[in-house]
Amino acid sequence: MAEWTSLSEAVSALVRDGDTIAMEGFTHLIPFAAGQEIIRQRRKSLSLIRMTPDVIYDQMIGAGCARKLTFSWGGNPGVGSLHRFRDAVENGWPGPLELEERSHSDLANAYVAGAANLPFAVLRGYTGSDFMQVNDRIRNITCPFTGEVLAATPAVRTDVTVIHAQKADWKGNVQLWGILGVQKEAVLAAKRAIVTVEERVRTLDAPPNACILPSWVVTAVCEVPRGATPSYAHGYYDRDNAFYRTWDRIARVRDRFQDWIERHILQTRDFDEYLRVQRDPQIQAVYS
Amino acid sequence: MAEWTSLSEAVSALVRDGDTIAMEGFTHLIPFAAGQEIIRQRRKSLSLIRMTPDVIYDQMIGAGCARKLTFSWGGNPGVGSLHRFRDAVENGWPGPLELEERSHSDLANAYVAGAANLPFAVLRGYTGSDFMQVNDRIRNITCPFTGEVLAATPAVRTDVTVIHAQKADWKGNVQLWGILGVQKEAVLAAKRAIVTVEERVRTLDAPPNACILPSWVVTAVCEVPRGATPSYAHGYYDRDNAFYRTWDRIARVRDRFQDWIERHILQTRDFDEYLRVQRDPQIQAVYS
Amino acid sequence: MSGHYTADEMMTVAAARLLRNGAVCFVGIGLPSTAANLARLIHAPEAVLVYESGPIGAKPPVLPLSIGDGNLAETADTVVSTPEIFRYWLQGGRIDVGFLGAAQLDRFANINTTVVGPYQKPTVRLPGAGGAPEISSSAKEVLIIVKQSKRTFVERLDFITSVGFLNGGDARERARLPGKGPVAVITDLCVLRPNDVTRELEVRTIHPGVDRRNIEESTSWAIRFAEDCGETEPPATEELRVLRDLKMRTAVAHGDPGEAA
Amino acid sequence: MSGHYTADEMMTVAAARLLRNGAVCFVGIGLPSTAANLARLIHAPEAVLVYESGPIGAKPPVLPLSIGDGNLAETADTVVSTPEIFRYWLQGGRIDVGFLGAAQLDRFANINTTVVGPYQKPTVRLPGAGGAPEISSSAKEVLIIVKQSKRTFVERLDFITSVGFLNGGDARERARLPGKGPVAVITDLCVLRPNDVTRELEVRTIHPGVDRRNIEESTSWAIRFAEDCGETEPPATEELRVLRDLKMRTAVAHGDPGEAA
Numbered sequence: 001m002a003e004w005t006s007l008s009e010a011v012s013a014l015v016r017d018g019d020t021i022a023m024e025g026f027t028h029l030i031p032f033a034a035g036q037e038i039i040r041q042r043r044k045s046l047s048l049i050r051m052t053p054d055v056i057y058d059q060m061i062g063a064g065c066a067r068k069l070t071f072s073w074g075g076n077p078g079v080g081s082l083h084r085f086r087d088a089v090e091n092g093w094p095g096p097l098e099l100e101e102r103s104h105s106d107l108a109n110a111y112v113a114g115a116a117n118l119p120f121a122v123l124r125g126y127t128g129s130d131f132m133q134v135n136d137r138i139r140n141i142t143c144p145f146t147g148e149v150l151a152a153t154p155a156v157r158t159d160v161t162v163i164h165a166q167k168a169d170w171k172g173n174v175q176l177w178g179i180l181g182v183q184k185e186a187v188l189a190a191k192r193a194i195v196t197v198e199e200r201v202r203t204l205d206a207p208p209n210a211c212i213l214p215s216w217v218v219t220a221v222c223e224v225p226r227g228a229t230p231s232y233a234h235g236y237y238d239r240d241n242a243f244y245r246t247w248d249r250i251a252r253v254r255d256r257f258q259d260w261i262e263r264h265i266l267q268t269r270d271f272d273e274y275l276r277v278q279r280d281p282q283i284q285a286v287y288s
Numbered sequence: 001m002a003e004w005t006s007l008s009e010a011v012s013a014l015v016r017d018g019d020t021i022a023m024e025g026f027t028h029l030i031p032f033a034a035g036q037e038i039i040r041q042r043r044k045s046l047s048l049i050r051m052t053p054d055v056i057y058d059q060m061i062g063a064g065c066a067r068k069l070t071f072s073w074g075g076n077p078g079v080g081s082l083h084r085f086r087d088a089v090e091n092g093w094p095g096p097l098e099l100e101e102r103s104h105s106d107l108a109n110a111y112v113a114g115a116a117n118l119p120f121a122v123l124r125g126y127t128g129s130d131f132m133q134v135n136d137r138i139r140n141i142t143c144p145f146t147g148e149v150l151a152a153t154p155a156v157r158t159d160v161t162v163i164h165a166q167k168a169d170w171k172g173n174v175q176l177w178g179i180l181g182v183q184k185e186a187v188l189a190a191k192r193a194i195v196t197v198e199e200r201v202r203t204l205d206a207p208p209n210a211c212i213l214p215s216w217v218v219t220a221v222c223e224v225p226r227g228a229t230p231s232y233a234h235g236y237y238d239r240d241n242a243f244y245r246t247w248d249r250i251a252r253v254r255d256r257f258q259d260w261i262e263r264h265i266l267q268t269r270d271f272d273e274y275l276r277v278q279r280d281p282q283i284q285a286v287y288s
Numbered sequence: 001m002s003g004h005y006t007a008d009e010m011m012t013v014a015a016a017r018l019l020r021n022g023a024v025c026f027v028g029i030g031l032p033s034t035a036a037n038l039a040r041l042i043h044a045p046e047a048v049l050v051y052e053s054g055p056i057g058a059k060p061p062v063l064p065l066s067i068g069d070g071n072l073a074e075t076a077d078t079v080v081s082t083p084e085i086f087r088y089w090l091q092g093g094r095i096d097v098g099f100l101g102a103a104q105l106d107r108f109a110n111i112n113t114t115v116v117g118p119y120q121k122p123t124v125r126l127p128g129a130g131g132a133p134e135i136s137s138s139a140k141e142v143l144i145i146v147k148q149s150k151r152t153f154v155e156r157l158d159f160i161t162s163v164g165f166l167n168g169g170d171a172r173e174r175a176r177l178p179g180k181g182p183v184a185v186i187t188d189l190c191v192l193r194p195n196d197v198t199r200e201l202e203v204r205t206i207h208p209g210v211d212r213r214n215i216e217e218s219t220s221w222a223i224r225f226a227e228d229c230g231e232t233e234p235p236a237t238e239e240l241r242v243l244r245d246l247k248m249r250t251a252v253a254h255g256d257p258g259e260a261a
Numbered sequence: 001m002s003g004h005y006t007a008d009e010m011m012t013v014a015a016a017r018l019l020r021n022g023a024v025c026f027v028g029i030g031l032p033s034t035a036a037n038l039a040r041l042i043h044a045p046e047a048v049l050v051y052e053s054g055p056i057g058a059k060p061p062v063l064p065l066s067i068g069d070g071n072l073a074e075t076a077d078t079v080v081s082t083p084e085i086f087r088y089w090l091q092g093g094r095i096d097v098g099f100l101g102a103a104q105l106d107r108f109a110n111i112n113t114t115v116v117g118p119y120q121k122p123t124v125r126l127p128g129a130g131g132a133p134e135i136s137s138s139a140k141e142v143l144i145i146v147k148q149s150k151r152t153f154v155e156r157l158d159f160i161t162s163v164g165f166l167n168g169g170d171a172r173e174r175a176r177l178p179g180k181g182p183v184a185v186i187t188d189l190c191v192l193r194p195n196d197v198t199r200e201l202e203v204r205t206i207h208p209g210v211d212r213r214n215i216e217e218s219t220s221w222a223i224r225f226a227e228d229c230g231e232t233e234p235p236a237t238e239e240l241r242v243l244r245d246l247k248m249r250t251a252v253a254h255g256d257p258g259e260a261a
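If you're matching them up, the sequences are chains H, W, E and C in order. Position 156 of the first sequence, counted from 1, bears residue number 156 in the numbering used here, the numbering being contiguous throughout. Position 98 of the second sequence, counted from 1, bears residue number 98 in the numbering used here, the numbering being contiguous throughout. Position 40 of the third sequence, counted from 1, bears residue number 40 in the numbering used here, the numbering being contiguous throughout. Position 41 of the fourth sequence, counted from 1, bears residue number 41 in the numbering used here, the numbering being contiguous throughout.
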């Protein structure tokens, strides 16, 4: 059964140096508050998995939390590059970053295999591409009935998966809706799961066949309003497109990035304080 | 794009002798009206696929529509045996019935593979059982990463899939809810799909992430109120448990079964007339 | 203690007691569903009942007649598709207890629900596997509830549909099955558990009013009794009251008292 | 005809025209999304736009900035999970047209969005594959929209992320890829199509005001022109009006006119 805790307690208890960790959310419901709490608690040597690293992993990579990244599309959506990700790959700053690169279809299938307790996934993919030359974990498999050759990739299993959702009831049953991404699979492929939510409600009153994660597949659930900003939470707030553009300027230069991390994350107590700093026009004038 | 037609037209145009056909619905939303229309139009040599043959296939098998049955549990739920199914298997009446027998997990996975355009599905299953001795289409496959041996089974692909759903809009977009079974996969694994619905509505007004089949994956959609009876349609009517018990008595004896098929299906014009006969106390007195 | 009760009631109550509170239980229809819901109404209110049709956390007010009754969907925490139930929840390793029935079983708790007689020319064609093969292999542990007779407790199965301990000993571990297999078989005569070493079923407790001869005569093999074999605790008044209430409500709801077991 | 318009507008309009009404289109973000939505607003109201984040039948009132914007979910016929989009809808063979962008492409319309330079020590690390490898292989046909320059139209790709016609000729058929591959590449200078036999891209129509030298100087290989190479129909007044309206609405909604392309 999920336990209601603070985000700080959840990260402290459940995220360990060296862990394999997935923080999912496909543009929508990205668990930014949790990512920043991991930076704040100075976790190291994480093996990060995410289809779209997005700004959340750009922050974590630049802050030195990551040893490895498994991903399928590493850009700043609608803006351009992820500069911290590129600096790590192109220049090894702040440290070397091992890459395990796949396609979206592969990684989505690999999460499904993880959730289904299978060691590998089968897909029609990669034919003619150069992926197999740079990733020896993409292999071939032959259909025992037709003789067709397909691609096989290893399942994703994580030590801990972190997602953000719209709401949870007092027992810790979680509901999300809108763009669902691969969150259910990422939670079910995990040994431990942390879910931050916009609000804690008495009952979910969910429609039939809604996307629900029962309390007993979640380890900790934390009420963190606006915890997905600058991404969005359907029904709660919109995507902060301006921040994604501002991030391009912040992350482009190492000094400026470090100053931002220091001021916004390391010197703040929690996400509430981060939000206050983020809303302070005097502080923000520096970055725009 | 789905075309709105009568059920009679849909079966006439889309179901052919010798077709491989799935009519799904897991206790809920079983497309009985369509099954009876197939009997009424005297289709022959069908290769029937259904996880739980239920009374719908007991009727079709007894009426001589089937050449083969692929299934995973063949009982009368809550009552006992399917007598027409047993008579076909045990005594070859009204003709021989080839069986392809699997487990629920296998067949559900095989539909998924069909929907996903994969030639086979991988599952953890069958270890230690006798299935592989009687079904040479259950085979082993070795994980290219871990060396583990798992079960592989061929995908289900159908010529035509038939399902019943709660509603469809004027464009033919279909919505179902409650117990979803394997219907989405069965439709997506088909070359042609017929959907009967309880009602035709202007707009679906569906909740986020509802189970919707877009019009363009459906071939024909037919308004057939109560078309799932004696199974049920969540939000419309309950399961007719009494009929399932009565069926045990009807189907137990060949003559009585044939008389029932004659009177209820072959001598009725359509499902509306069937429902009238079914509600006629004088006619029904014979069978209770 | 409780005055008169039937052997079926004893069986259901004894089975219900073995489902612990909070367990996630994959429930077969019929006897397993009756026992699991009785447990939920007495000592295991937090048990999570999962049905193969898709409901997770079902709390049906009356017993479902079919594996996909509407009251399962209405009362569940969520309803997922049938493929998802088998892929993410059962195979995914999320099920603590698989609760099964059986047409036939052998001394190692292997189950046959497929055929009596040869597969290609059966004397009796049984319904088949359903979800049982993967429940019996993937659930962390399995409970089996079945009426005991020479027809059900057989020397040799005509077909192994779902595995228990295979040939016994460490055969199940060697086959690398994920779950640990049947931990108890509950019948209308007794409760059996596998021997720690041989994995052969042994009678652990005998229901009140049943003697060893009854059990031996209802078993096709030379059945063993555990050294410390005792008597099953008879149904408590409360257990019987809740069970009878449940069956009464079920009979009324389904409109047929005779079928409500 | 229409007076002044930009090369980008010509590119978008030319691309939009190639999406036929009723087609089920898997849409990449950015230029493909702009073109697909323009088509939907002009001649293809029944086109079904599918985004890899899960929306099927999205009808966004303004252009999405990200692949998972809320207006895609709000206006879709249904929103499924990302695994389902790739498994049942793309791989399942339900997509008529894959609409892609590209960082680099070669004469056989193979695409690189992974790295410039060696993979292990890249000069420029590009975003990577996203959905493109499987879109390019599984969609029944592919449209590519990309600005033309020597940096994008390269002699040899450093990395093949997504396949076009491989080495040309019948190489794609021999690789047994499900879809038939790129049927057109639309740039800010011209529209190219693969030669029927060699599968090498040929210029089929040249945008008004562009001459062959411009195209040759924007291509790293010796580019071919089709025998019947003509001029692209310039944007109609209505096409430009709808495109500009869409971009204006988008800029207002997203609060930044500069980024609304």
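Bear in mind the hints are in silico, worked out from the structure with no lab data behind them. Possibly wrong hints are sitting among the right ones.
As the list claims (entries may be wrong) - Only pairs whose alpha carbons sit at most 27 Å apart, straight line, appear in this in silico DSS-like list of lysine-lysine: (1) H:K191 <-> E:K180; (2) E:K180 <-> E:K147; (3) H:K44 <-> H:K191; (4) W:K171 <-> C:K147.
List in ascending order the numbers of the hints, as given earlier, that are violated by the structure.
As far as the earlier hints go, only 4 is violated by this structure.
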